[in-house]
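Enquirer: Chain by chain, the residues:
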Amino acid sequence: MNAPQTVMAIRLLVNGVQVEREVEVRTLLSTFLRDDLGLTGTHVACEHGVCGSCTILVDSQPVRSCLLLAVQADGTNVETVEGLGSVGSLSPLQNAMWREHGLQCGFCTPGILMSIEGEARSGASAEAICDEVLSGHLCRCTGYQNIRTAIHAYFATKDES
Amino acid sequence: MTASIDAQRPSLVGSSVRRVNDPRLLTGSGRFVDDISLPGTLHAFILRSTVAHGRLISFEFGESPADLVLGPDDIAASTEPLPFVWIAPDQQHLDLPMGDKTVRYVGQPLGITVARTRAEAEDAAELVEMTIDQFPGVADSLAALEADAPLLYPEHGSNLAVDFNIGDDSDVLEAAMAAAPIIVSRRLRIPRIAPSPMETRGLLAEWNVGTEKLTVWMSTQTPHHVRDQLAHVLRLRTDQVRIISGDVGGGFGAKEHLYPDEVMVCLASIRLGVPVKWVEDRNEHFTATCHARDAVHDARLAMTEDGVFLAIHTKVTGNLGAHFSNVGSGPFRVSGLMLPGPYRVVNAGAKISGVFTNTTPTGAYRGFGMQEAAWVRERLVDEAARELGIDPLELRLRNVISSEELPRLTPTFQEYDSGDYGRSLTMVRDRVREHVPLVDANPRIRRGIGFATHVEFTGLGPSVMQEIVGFRLGGYETAIVRMEPDGSVYVSSGVMGMGQGIETTLAQLAADCLGVDMGRVSVHLGDTAQAPYSAAGSIASRSMTVGGGAVVTAANTLREKILRIAAHRLEASAQDLVITEGRVCIKGDSSAGISLEELAEYSWLGWKLPEGETPDLEVKFVHDPSNISYPYATHAAAVAVDLDTGQIQIERYWVAHDSGVVVNPRIVDGQIAGGVAQGLGIALFEKVLYEENGQPNSTTFLDYLIPLASDVPDMVMDHFETPAPHIPGGMKGVGEGGTIVAPVAIGNAIAAAVPEIAGLILETPLSPGRLWELLRISGLINE
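From first to last, the protein sequence lines stand for chains W and U.
Position 98, counted from 1, in the first sequence is what this note's numbering calls 98; the numbers after and before it change by one each time, with no gaps.
Position 212, counted from 1, in the second sequence is what this note's numbering calls 212; the numbers after and before it change by one each time, with no gaps.
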């Protein structure tokens with residue numbers, strides 16, 4: 001019997017950049033993004049798929065990067081919070097969260113941003129995101145009220161433009 | 001008040017400016033501890049006990065693939081015990097030995113493996129053989145006091161660790177109780193809570209073999225305290241240890257001291273001479289990080305037939321866990337100290353019994369003893385109202401201390417400073433009257449509104465008071481405010497940011513006092529090599545009151561110096577000068593003046609200074625407040641209860657709050673909303689469960705539920721401001737109030753909605769299952 005394969009080469013698009021790496025097959029996608037690519041904006045808070053902090057977009061769909069292996073992302077288009085905007089040029093969603101004080105410690109925030117971004121892209125309404133999508137995330141600081149306000153504010157600016 | 005010195009310029013204090021650190025947090029460029037990597041970093045895994053009580057008889061790892069394995073003997077030989085901080089009267093244990101081979105709770109750290117990656121460190125841990133002789137265990141505090149209970153410390157003779165009274169003498173109290181016409185007494189319970197910040201604990205330790213210095217990046221609320229403790233435990237000089245706390249993903253009390261597993265990681269770095277990182281995983285967090293609460297209260301409220309309160313007392317049986325935490329029985333003691341609340345009782349006191357059990361030690365968590373006190377007192381008040389047939393809000397108004405009676409010393413030694421407690425009650429009452437209750441066609445949906453009120457202990461605290469209560473942490477804070485040679489302003493403080501926005505609000509205070517724009521000010525926290533010494537750090541809602549008060553005085557003192565120097569340059573009187581738009585000008589004549597850049601440049605050169613003035617534009621001020629600050633609030637909740645399922649929906653929530661001067665209204669609202677959400681979790685979901693023998697049953701977010709967005713309603717908040725008379729700037733603490741009051745406001749609302757079960761609402765969480773059981777007992781559910 002052959003020894004099990006422990007390392008695999010993967011090729012994927014990360015925030016628009018083509019990436020090729022060899023990874024241990026047991027490596028989580030979240031670990032790969034953080035440790036191999038240095039994209040530390042994706043945060044890991046539970047590693048069992050409950051809290052949503054590690055949410056990223058894979059082919060535009062929000063997924064928990066702690067529940068995927070890096071090898072499963074082979075051939076996909078991955079987007080992380082680093083792709084949304086930058087300190088000097090926040091995205092409209094990031095700006096709305098800032099204006100409405102939608103974050104406190106900021107640890108869960110990147111995952112929430114990626115879920116909202118993904119769902120908004122798929123045509124979800126502000127109401128649906130507040131009522132359903134947001135409940136896929138744990139935030140221990142804010143009490144969620146200001147995140148809801150920020151989501152509505154973001155949709156308002158989106159509708160204007 | 002920190003009134004703006006320039007009438008034309010709007011005050012920054014009271015302004016909802018956006019938080020300065022949000023852009024980096026929103027873009028993923030924050031630096032939480034796990035985001036930091038140094039070349040050659042190795043990763044650690046902590047080996048823990050999987051049994052609740054026993055004796056480790058072997059720890060063997062043979063030819064381990066790990067770079068390093070340390071077991072309990074090695075760890076014990078290389079360390080001093082970790083000193084406890086808050087010591088109760090007659091407390092026998094004063095510190096925690098590292099590497100104890102008697103295991104007393106699941107999760108107790110026993111050793112460490114270090115390897116190239118976390119996964120490899122876990123692989124190596126799998127190969128370590130630990131044999132533990134199991135003993136019977138006990139998890140419940142009342143069970144642990146029974147005669148045949150297994151003893152955690154047989155040499156101690158009992159699991160009763162500490163036993164003391166606070167407040168009035170027991171004979172005085174018993175006489176008051178005996179003379180009272182009416183006594184409402186209940187046994188109330190507050191369950192065990194896991195603080196659960198979204199970022200778990202973690203550290204990156206780097207021992208430099210050349211300089212023999214240890215630098216530790218750590219997620220902590222108390223960098224200096226951790227530094228002092230770490231140096232002691234590792235037998236280093238304090239100046240050899242530097243703690244750097246960067247972005248902290250929530251603390252809530254769980255990260256306010258040094259833990260034994262953190263010592264092991266530092267020890268590993270010293271042994272290997274390379275950086276070692278360890279980040280707690282969520283499963284670990286549920287047993288390795290201090291829990292909180294877990295108290296049984298046998299409480300009594302005595303009153304006249306007219307409902308005039310006479311005395312209040314509680315006997316607290318508090319679960320300490322397997323050993324004292326750094327604060328030990330402190331939370332149970334604070335429950336007693338704050339038991340009287342805003343009411344005019346003649347006598348008050350508490351008997352505190354702290355009990356060892358085979359569970360994770362209990363320590364600090366948002367609300368620190370006061371959430372328990374509020375649950376006990378405000379439930380008793382509602383029960384008294386029900387028995388007397390008086391409206392609960394009216395009963396509260398009848399007994400609340402009036403503003404004319406402040407300051408007032410309570411029987412539990414709190415000198416309430418300022419405010420109008422009744423106003424918070426009437427303010428919420430009026431808000432609730434505007435509310436049109438929802439109507440449901442379904443007769444099995446019941447609705448009710450509950451109230452609760454409190455006074456809170458914030459801004460710990462005068463150092464002399466800390467000495468009196470045996471709490472070995474200085475109660476002061478120091479600020480350094482400096483105008484640099486280019487006119488920019490550097491502010492440093494020993495308090496820590498962990499989501500509460502303190503970086504922003506300290507900048508607001510400094511900018512306001514100096515009369516400069518916020519953009520000119522930067523705030524530096526968390527690095528013990530830079531920040532002024534802070535014994536207590538960011539705990540006890542003290543960052544803004546004690547730390548902010550220090551910044552106000554330091555910045556005002558610096559402003560006076562700037563005006564003196566400018567007066568000399570402009571040949572004017574300092575009283576006639578203002579700072580406006582980056583210039584010091586003569587009032588009413590903005591053409592004559594000097595820019596702050598020029599003034600700062602020449603000052604640091606030591607040129608053009610008035611006689612006797614030193615060239616530095618830096619002020620350091622140590623603020624040791626003369627008293628605790630006492631904010632207060634009233635909350636009300638409107639709930640709907642489904643009699644068929646036990647499901648509770650919180651439909652409306654109101655808060656009227658006075659935390660003194662509000663520096664940033666949006667941040668204050670955020671603190672309250674987040675606090676209420678945590679209180680809602682306590683009310684409805686959160687309870688760490690153990691088997692009778694000490695096996696934990698709550699080790700993931702699937703079996704320990706914290707509130708989701710769909711659980712937390714939008715809230716209506718009203719503020720009024722009674723400045724703290726003894727704090728520069730007038731601020732009172734605001735971080736904990738939401739959590740303190742919310743559970744009992746919700747409990748009282750459920751009691752109001754379903755009066756048939758009101759007398760059974762004695763403990764949280766009021767989960768659907770628990771409520772269904774109460775409804776069944778009361779005959780409201782036909783099976």
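These are computed hints drawn from the structure, not numbers from a lab.
Heads up, some of the hints might be wrong.
[As the list claims (entries may be wrong)] One side of the interface only, derived from the structure: several residues of chain W facing chain U at Cβ under 8 Å:
id	residue
1	Asn15
2	His101
3	Gly106
4	Asp131
5	Asn146
Here a beta-carbon is modelled for each residue, glycine too, at the ideal position from N, C-alpha and C.
Enquirer: Now look at each hint and say whether the structure bears it out.
Expert: Right, here's what the structure says about each hint:
1. Asn15: Status violated, d = 10 Å.
2. His101: holds (5 Å)
3. Gly106: holds (3 Å)
4. Asp131: Asp131(W) check passes; min Cβ-Cβ to chain U is 7 Å, inside 8 Å.
5. Asn146: Interface hint status for Asn146(W): holds (6 Å vs cutoff 8 Å).
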